[in-house]
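*Asks:* Listed below, chain by chain, are the residues.
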Amino acid sequence: MKIAITTTGDSLQAPLDMRFGRAVGFLIYDLDKGTAEFVSNSQNLNAAQGAGIQAAQTLVATGAEGLITGHCGPKAFQVLEAAGVAVFNTRAANVDEALTLYKKGDLTAVASADVEGHWT
Amino acid sequence: MKIALASGKGGTGKTTMAVALARAARSPVRLLDCDVEGPNCHLFIKPVLERSEIVTVSVPVVDKNLCKPCGKCAEICRFNAIASIKLAPLFFPELCHACGGCIQVCPENAIGEIQRDVGLLECGSSDGLEFIQGRLMIGEAMATPVIKAVKRYQSDELLTLIDCPPGTACPFAAAVRGCDYVLLVTEPTPFGLHDLKLAVATLRRMGIAAGVIVNRCVDRDNMIAAYCREENIPLHLQVPEQRRIAEASSRGRMLLEVAPEFGSKLREVLQMVTERISGGQR
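Quick mapping for you: the protein sequence lines, in order, are chains A and B. For the first sequence, our numbering gives the first residue as 1, with consecutive numbering after it. For the second sequence, our numbering gives the first residue as 1, with consecutive numbering after it.
Only chain A is shown next, with the shape it has when bound in the complex (with noise of 0.2 Å):
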């Protein structure tokens, strides 16, 4: 199973990114195999509108079936709900941070957008 995390670099000691549709990347890590892959989420940084919509389309395009951000806003939450991806919000300062609590069980998939959307 591969889980994504929200990043501003391609490592594990990379900085978590809070914002999810904004962010500046995913890394994308395989919990079976233990690899790690960035990708890159740059064409939303300057998205007039609907990032976090075109964000989740290329999250569920890598075959992640589970992400942890510091926020989801509604409709990123919705395309990432229709897909069957599952959402933990983390407080984590890194990747690993961030994996650890997720492998120790320590982070809940939440049931909705824990913020309001802010397209404009």
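Any given hint might turn out to be false.
As the list claims (entries may be wrong) - Chain A stretches covered by chain B per the calculated footprint, using a threshold of three residues with CB under 8 Å from any CB of chain B:
hint	region
1	6–15
2	24–37
What the hints assert, rightly or not - The calculated DSS-like cross-link candidates involving lysine-lysine, where the alpha carbons are at most 27 Å apart (straight line), are:
hint	chain 1	residue 1	chain 2	residue 2
3	B	Lys197	B	Lys46
4	B	Lys68	A	Lys2
5	B	Lys86	B	Lys197
6	B	Lys86	B	Lys72
7	B	Lys86	A	Lys2
8	A	Lys2	A	Lys33
9	B	Lys68	B	Lys148
10	B	Lys86	A	Lys33
11	B	Lys86	B	Lys68
FYI, nobody ran anything at the bench for these hints, they're computed from the structure. Computed from a predicted model, the values in this text were never measured in an experiment. Every residue gets a Cβ at the ideal spot worked out from N, C-alpha and C, and that includes glycine.
Knowing the structure of chain A, use the given hints to seat chain B on it.
*Replies:* Below, chain B without anything else, positioned relative to chain A:
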């Protein structure tokens, strides 16, 4: 003749001037309130609204039986209003600009259109003045379809005055498009000047002639007057900063009720603008 009142910066007195010009004019006037996110001409002219209609936009709807998820609809959508995931696409109608691109590119013809209510158009009159206003529904983000609905009532046959939304983005462009002249109402502050420059640049690109009215002026030799001289833009009127005008406005009273001396000045402005339009000056 179609004259728009616009500004760039908000709160400079567009509505004050639109309403005052409408009342000062000797000829029949139709006033269009295109500031659909907060129409407020009605507060001053207190019209009797006789009829209203819903403004709708077309948004896509997918037939899930026909869709073979290929992602082409999401790919072409430049407004990020469509997400294509494993199943049929997800549409986010409030982001849709109704361009119809997704419908065109769908190889299965699986996408159709439905109408979505976004605003209200209201028509009425006040003491001989014809009045039309648009009102964007709460929670909606797209003002232009409602503005375009109001603009259907602009006329060459009588004096049409158009109260525009602030800013210089799409709602502003939709409101001034097709006008013969734009009166830019601004104030002598750095913010007022900054946004005036944006409005002037936009109107030049659109090829629409414009002049300036300075509101709340303390010193007639101000930064807006200097800018107009440099850029050779007609400065039609300067309205002084006066507490009695501000107080009247805050109570829903019109400029001419407290400062009737502006009646003749505003008629002069209309005369100047008419001459510039008929003279074809830009």
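*Asks:* So, for every hint listed, does it hold in this structure?
*Replies:* For each hint, the structure was consulted:
Only when three residues or more bring their CB closer than 8 Å to a CB of chain B does the claim for the region 6–15 of chain A stand; here the count is 0, and the claim is violated. Given a C-beta distance limit of less than 8 Å, the hint that chain B covers the region 24–37 of chain A is violated, as 0 residues qualify and 3 are needed. Between B/Lys197 and B/Lys46 the alpha-carbon distance is near 33 Å, which puts this suggested pair outside the 27 Å criterion. Pair hint B/Lys68 plus A/Lys2 holds up; C-alpha atoms about 26 Å apart against a cutoff of 27 Å.
The suggested pairing of B/Lys86 with B/Lys197 is violated, with an alpha-carbon distance near 48 Å, which exceeds 27 Å. Of the pairs offered as hints, the one joining B/Lys86 and B/Lys72 holds, with about 13 Å between alpha carbons and a cut-off of 27 Å not exceeded. With a C-alpha separation of about 17 Å, the suggested pairing of B/Lys86 with A/Lys2 holds against the 27 Å cut-off. For the hint pairing A/Lys2 with A/Lys33, the CA-to-CA distance comes to about 9 Å; that is within 27 Å, so the pair holds.
Between the alpha carbons of B/Lys68 and B/Lys148 the distance comes to roughly 36 Å, so the proposed pair goes past 27 Å and is violated. Between B/Lys86 and A/Lys33 the alpha-carbon distance is near 24 Å, which keeps this suggested pair within the 27 Å criterion. At most 27 Å may separate the alpha-carbon atoms for a hinted pair to count; B/Lys86 and B/Lys68 meet this at roughly 10 Å.
In this structure, the earlier hints numbered 1, 2, 3, 5, 9 are contradicted, and the remaining ones agree with it.
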